[in-house]
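Asks: Below are the chains, spelled out letter by letter.
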Amino acid sequence: MRTTTFTPLRELIIVEAKIWGPRGELELDLVLDTGSMHTVILPDIMDDLGFNPRDALAITDVYSAVGKEQGYMIKVPRFEALGFTRTDFPIHVFDLADRYGIDGLIGLSFLHHYDYTVRSAAGQILAEELAAELLP
Amino acid sequence: MAEAAAKETTTEAPAPELFLSEPMTWEQICERYPDQWVVLVEINRPAEDHNARFRTARVAGIGKTRREAFAQAQPFDRGYHSCANRFTGPIARSIAHLLR
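Chain order of the listed sequences is A and B. Going by the numbering used here, 375 is the number at position 14 of the first sequence; the sequence numbering is gapless. Going by the numbering used here, 106 is the number at position 97 of the second sequence; the sequence numbering is gapless.
Be careful, since some hints might not be right.
30 Å max Cα-Cα, derived BS3-like pairs, lysine-lysine [claimed, not checked]:
1. A:379 <-> A:436
2. A:379 <-> A:429
3. B:73 <-> A:379
4. B:73 <-> A:429
Just so you know, the hints here were simulated from the structure itself, not pulled from any lab data. Quantities reported herein were computed from a predicted structural model and do not represent experimental measurements.
Throw the hints in and build the complete structure from the sequences for me.
Replies: Structure representation (structure tokens):
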């Protein structure tokens, strides 16, 4: 069981993550979002890391408050959050409606690999890797 | 002719001056650069502890936007393989409904 801490009673649950790209590695602040199917990173960040939309697995349409926007799906060599590392991990790249200091979202594409408990008052996320037979 | 002369004297904008602070704690960084994006390098944190906040880091770029800070820092071009982007201000209370 691994424990990740966050600032309790903040507006959002923000945890540190790390992403690796062709140019290097970058630490990020991501919002834990169980309402998001994908793990999302802003395009600027992916550009800085050396990713190119031309290498995307797919171009995506995202319907947001401001209308339809395009994004893309791409696999990153390594992604780390909550004390766990995933390789060849798919990231959905698109601009969030507003930024306010966050770099993206940790969605269910990552969280589904773990059994986790969020202790809001204590500011803790307890996570352990799921057994292979339980993986989606 | 005048246009040709103008073209000859046109020069590219100077490259931004590279900047690197002394090692600072997160609290010191927030105090010195409030409500701004910062790019951090030489991040000193306990090894093998994904939870630990860093002890100190150097600020290599500052900006009102992430892009501005990163452009000033040019971390990968300067040989830093690892860096971090952070916002020193508070997260807006109203952001939650904007995310989806």
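Asks: Look at each hint and say if it fits the structure.
Replies: Here is how each hint holds up against the structure:
1. Distance check on the hinted pair: residue 379 of chain A and residue 436 of chain A sit about 14 Å apart at the alpha-carbon level, within 30 Å; holds.
2. A distance of roughly 29 Å separates the Cα atoms of residue 379 of chain A and residue 429 of chain A; the hinted pair therefore holds under the 30 Å criterion.
3. Between residue 73 of chain B and residue 379 of chain A, the direct Cα distance comes to roughly 23 Å. Compliance with the 30 Å bound is thereby established for this hinted pair.
4. Note on residue 73 of chain B and residue 429 of chain A: the hinted pairing holds, with a Cα-Cα distance of about 27 Å set against a maximum of 30 Å.
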